[in-house]
Structures are given as structure tokens and as C-alpha cells.
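Work the whole structure out from these sequences, hints included.
Okay, here's what each chain looks like letter by letter:
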Amino acid sequence: MTKSVIQVENLSKAYQIGQIGTGTISKDLERFVTTKILGKEDPFLKIGETNDRSTKGDSNIVWSLKDINFEINQGDAVGIIGKNGAGKSTLLKILSRVTSPTTGSIKVKGRIASLLEVGTGFHPELSGRENIYLNGAILGMRKKEITRKLDEIIEFSGVERYIDTPVKRYSSGMYVRLAFAVAAHLESEILIVDEVLAVGDAEFQKKCLGKMGDISKGEGRTVLFVSHNMAAVKSLCTKSILITNGKIEAYGDSNSIINLYNRIAINDIERDHIKDRKDRKGNQKVKINSLKLNGIQSNRNIQLPCNQALSIEIEFDIENGNSLNKLLIGIYDEYSNRKIFIDSHANLKENLSLVGNGKIIIEFPDTFSLGIGIYSVNIATYSNNDLADYIQEAALFTILENDFFETGKNIPEDTQILLKNKWTIINGK
Amino acid sequence: MKKEKISNVPSNDDWDLVIKGHTSLFDVKFRDLWNYRDLLLMFVKRDFVSFYKQTILGPFWFFIQPVLTTIVFTFVFGKLAGISTDGLPQFLFYLTGITAWNYFSDCLTKTSTVFKDNANIFGKVYFPRLIMPLSIVTSNLVRFGVQMLLLLIAMVYFAINGAEFHVTYAIFFFPFLIILMALLGLGLGLIITAMTTKYRDLSFLVTFGVQLLMYGTTVIYPLSSAPLAYKKYIELNPMTGIIEAFRFAFLGKGEFTIWSISYSTLFTLVVLFLGILIFNKTEKNFVDTI
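Going down the list, the sequences are from chains H and V. When we follow the numbering used here, the leftmost residue of the first sequence carries the number 1, and every step to the right adds one. When we follow the numbering used here, the leftmost residue of the second sequence carries the number 1001, and every step to the right adds one.
It cannot be assumed that every hint is accurate.
Computed Cβ-Cβ distance ranges for the label pairs, DEER-style [said to hold, decoys possible]:
1) H/S105 with V/L1274: 26 to 34 angstroms
2) H/K168 with V/D1027: 36 to 44 angstroms
3) V/L1080 with H/Y15: 26 to 34 angstroms
4) V/F1174 with H/K168: 37 to 45 angstroms
5) V/V1270 with H/R111: 29 to 37 angstroms
6) H/N289 with V/D1201: 42 to 50 angstroms
7) V/D1032 with H/T238: 28 to 36 angstroms
8) V/F1273 with H/S256: 37 to 45 angstroms
Calculated directly from the structure, the hints in this document are not laboratory data. Virtual Cβ for every residue (Gly too), placed ideally from N, Cα, C.
Dropping the structure here:
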């Protein structure tokens, strides 16, 4: 039977904006005298109000979290995602008891260990071994517990050779390895992890993710994981919570929540028209000034039903005396895996050689579609084999669910490429 | 939002931890404190090792400060100003006062910056915050121990050279006096650190406040030679009773009465109680204000 180990009820956290805390006794005294003795309006509240007159009355309070309710079952690995400032970190801080909520409550079963940062409390002068003890104790381990796990921790960290060297001589990678190793061996029933995996090399990140997977799947412990790395959330967490503006937008299976998040994110971005983009590389001898997907300009929110054939239309300006002789287009999924790569050099029999202005249209067959999801387009032009114009994320588009196979049924989940196919069925009898 | 089933929720008493916004003022988690006792020792070890490793002379520094201060005091107050030392050798008289005072003032000044100094670590991980000031008080004990050693060496030296002083029965109160100084410094420090999260300017007051307070304590003069008009104010200072008792225990001169010690003890307990309450109240949300 699954049993809930974290229960959050009506949790809210308010922050005061503006200078309410004033900072010095003299200012507080001044405030006390003007308001309580002279009976004047509070000068500090006034500041708060003028700042936000356009919005609401009690404007000096910002609700970083507002009426959050959720429950987490034992052994679940739950991802917490959301944009910067959505309230993820506040939630984690309250869960880790670094700060306390304004209203509401959290009930917890078991010990919580939180990793809002790796290596909290590491002292540079102490050796690796001494820091394991110190950091372990800060995270709530007893000394004998650490001694029991010491060999395991050292082995996991992979810094055996330097274990008696002060950590100030460690490379940043070694430092993080050691710090994560300590945290990974905590014996808490609940582990809260903030984006600590953003550090360390790829191999170690993989090891960390693997370890966290073991913790939740193998050992039946509960993991809460906050990250902007959707691939990591997807691989580690079965469920996810999406927070927007201090409220829970959705809670459910990770795949659908991540898709939802990406869909929200893509709609929120204000994008410049491609000819106004400044974040481009190259000598600009061949400049892309229009990119359309199925006739929709790239700065728009492009949503394509999967049964619609994809077409890419590019317009460009070529400076006098130059020519466009190579065009590259890459299409990437939301985890930055390249799904389609178009290289004029490889795709065409004769090399491109265009002068003046013009337009290229590339069409895909309607028997093909990318899987449901969000994709980005990188595009590059070359003039005389020199990079002329290169724009990353020149366009973003979403492939929407539709009746691709014309069967009236849903497309199977996790399908990366859709291909119409012809079936020949020979039945024996 | 997909709502999970609530049917399998354990009953209320099953929860190990309930995080709430408003808790009682007296909700100090002493059990938590006990569970984290290893951390306290780890902090003490860290303070000691890091101090030892970062300096060339190591614990030798612990000697230099009291010796130099004593020499200066002997010269200025003893020789130039000619303040009485109750017939005791001036060097010993000042050294006992300074040793005891140093422990108290170290406890006070270092505790008074706990929130500011540890804002980073407090913002990242939970442990009972009281562990930090307690570890400071304990770490200072190491330094105090070294300075006591110095005092004992000086006493032996003066005894051999025939100086007149004697250790009294009050020496049995020595451990109690240490605890008293530690808790008084701790209590005052807790109040100040809690207030400095809101009022930064208080921290300026602490450094010279402690300095001034020393002159209001019987560190450089014996209580017996204080002018009658001021004597009662000096006696109001809870450290006076402690220093007098300390000096009486080791050198046999000083006004050691059950009343003065009781007063210091009561004062300490009240300050400590207030300090813990205020600290406990502040620790919950100080991360948001600092």
C-alpha cells in the first residue's frame, strides 16, 4: 500500500517588498515617532503603495506561494518544475526548514535531508575526510553513521588519493564529487535535491542521477527534485509538479507535465522577427531575413498538427560579390537531441551557388512527422565556405496531436517519429 | 490538478514533523538539539583545526594576547596610575582578571554575530540553530584552557619567588564559574545577534560596548578599592561577582559572597532564558530578512 509521507496543506509564504524592515534603529524610531506619536501616515507603507498602485490594494506583500496543496507518497520521485521566480525555491526552503511558512502546514513522515547546495559548510582548511564528517553532521548524520559509511562515501566520490588533503587544494570537480557523495549516503527517508547536478562532468552527473534513481526506486525512499534540466527530471522522476506564480499548475505524470511546461514556456517568449535578431554569428554576407514554417513567420507561436506536412521557407539577402553556397538546418527536440539535419551539400547533387536575393523552400512528405512535442530550429548559411549567418533557436514549434494515421485513435506514447506505413496482411487460413 | 487519494493518510499522531508558520514562543526544540550533539563537536573540532592550521605559531597565539595585555595593564594601571591590587602581585592580579574576562567577552562577541557570519549555511540547510552559538562557547573553552595554563604557570613562578597569595576553597566553584561566564556571554550574545538581523547598527555597539563594560567590571581594580558611591553600580554588573569569585578562588583576595554569586546566577539565567526565546523566534524567518 502506498502511504503518503509528505502532506502539504494550504501552504502560503508572503514576502514583503520594499523597505519595510528599514534596517536601522534610528529609522525604526523615526517611523515609530511619526506614526504612533504624531499620528501621521506610515512613510514606508506609502512607498509600497505608490510602487504598485496600478495593481492591488495591499501591494507591499508578495505571495511567493499561495495555498499550495499536495501529497507525496512513499518511494515517489517527484520533480518540481517551473520558471524562475515561480516559487520552487521557496517551497524547497520551507520543506528544508530553512525558512518557515506564513500560513498552512507541512506534515512529514521520516527524516528529511535537503541538498539545496552541495558542500554546505565545507571548510577549505580541513581534509576531505574531516569534511565528510563535518558535512555529514550538518546534514543530520550521527558520527557513527558516517564512520560506518565512510569507505562507501570515499569510493563513490572517486577521490581516494586526496582524501587526506585539505579541500582547498581540490579541483572544483573533485569538491563537488566529494560533497555529493556525502549527501547521497544520507540515511534519510526523504531527500530533497535542488539543481546541484548542474555541476561536475557528464560522467559524474550520470552517476549522480543513477544514484538518485537507486535511492527512489531501489531503496524505496522519497526524492523531491527541482531542476530546469527536463531530461534529468524525465529520467529520474515518475511524477512532477508544475508551479507557476506560486500556485500548483499541474501535478501528475512527468511526461505530460514536462510537455505542458514546455508549451507554456514557448507561448510566453516574446520573440523578435528573424531579421531583427541580434544573437547571430557569421560575417553576414548572406543574411537570413525570413524563416517560415508552414507559412508562419518564425517569431510567431507555431503549432503544427502532426498530420500536416512540414515545409520550411527561407528568404535571404546576399551581398554583392558573394554567393550562398551552403545551407544547414538542424531540428532539435526539447532535450537538445538533433532529430533532423539538412545539409545542402549532402542533400543536393550539385552545390548551391546563389547570388542576389531569393528564397528556398524545403518540403517534407506528408507521410512523415516528428513525434508530439516541442522542437527548435537552428539555421546557418555559408558564403564561399565561410560562416555567413548562424542563428540558434531561429524558430520554435510544437507538433500537436492529431489523427496522423487516419484511424481516429491516439498516437502511441513516446513516439519520436511518425511514418505512414503500408500494411500487407497475409492470413494463413 | 490531479488530486491524490486522501484515504490512506496516516492519522495525525503518525507524523514525525509538522512544519507550521506560527509556533508557540516557548517551542524550543531541545530534543533536536540533543540529536545534533555530534555536529556541535564537529564544529568545535573545525574551529580548532582551522585555527591551528592557518597560523604559524598555532596555539601560541592564545598566550600572546593575555601576556601583552597584562604587561600593558601592569604598566599603565599598576605603575603609572598606581591603582591598588589588594596587595597581590600586579601581574597575577591583572592576568586572572583578563583570563576570565576574555572568556566571557569572546563568548559574547562571537555569539553576537552568529546570524551574520552563518547566513550562507543557515540559508541552505536546517539544523538546530542553537548548535552554532553553543559550539562557539565550547570552542572558546579550548582557548580559555590554554590561558588558564598560562595563569597556572605564572602562579607557580610567583609562588616560587615568594609572592603572597593562596588558593582558597572557592576553587571548587571554578567549574561553576566557567559555566556561568559561558551562559552569560551566550545569553547576551543571542539577544544581540537576534536583534542585529533587523538592526545592523547594533553590531557596532558590541565591540566597544564590551570594551567599556570591562572598565565597569573589577578586571583592573579590586572591588574593595572602588569608591563607595560607585560600588553598588559595579556590583550590579553580573560579571563583577564572577571575577571577584574567580580571583578569590585562585589568589585568595576578592569579595566572594553567596549573595554576589546568587545574583550573578539569577541574572545569567534570566538573560539566557530571554536570549533563547528571542533567538528561537528569530531563527525561523531570519533568512528572509538578512
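Structure-based check of all given hints:
no.: 1; hint: H/S105 with V/L1274: 26 to 34 angstroms; in the structure: 28 angstroms, holds
no.: 2; hint: H/K168 with V/D1027: 36 to 44 angstroms; in the structure: 40 angstroms, holds
no.: 3; hint: V/L1080 with H/Y15: 26 to 34 angstroms; in the structure: 58 angstroms, violated
no.: 4; hint: V/F1174 with H/K168: 37 to 45 angstroms; in the structure: 39 angstroms, holds
no.: 5; hint: V/V1270 with H/R111: 29 to 37 angstroms; in the structure: 35 angstroms, holds
no.: 6; hint: H/N289 with V/D1201: 42 to 50 angstroms; in the structure: 60 angstroms, violated
no.: 7; hint: V/D1032 with H/T238: 28 to 36 angstroms; in the structure: 32 angstroms, holds
no.: 8; hint: V/F1273 with H/S256: 37 to 45 angstroms; in the structure: 54 angstroms, violated
Of the numbered hints stated above, those contradicted by the structure are hints 3, 6, 8, listed in ascending order.
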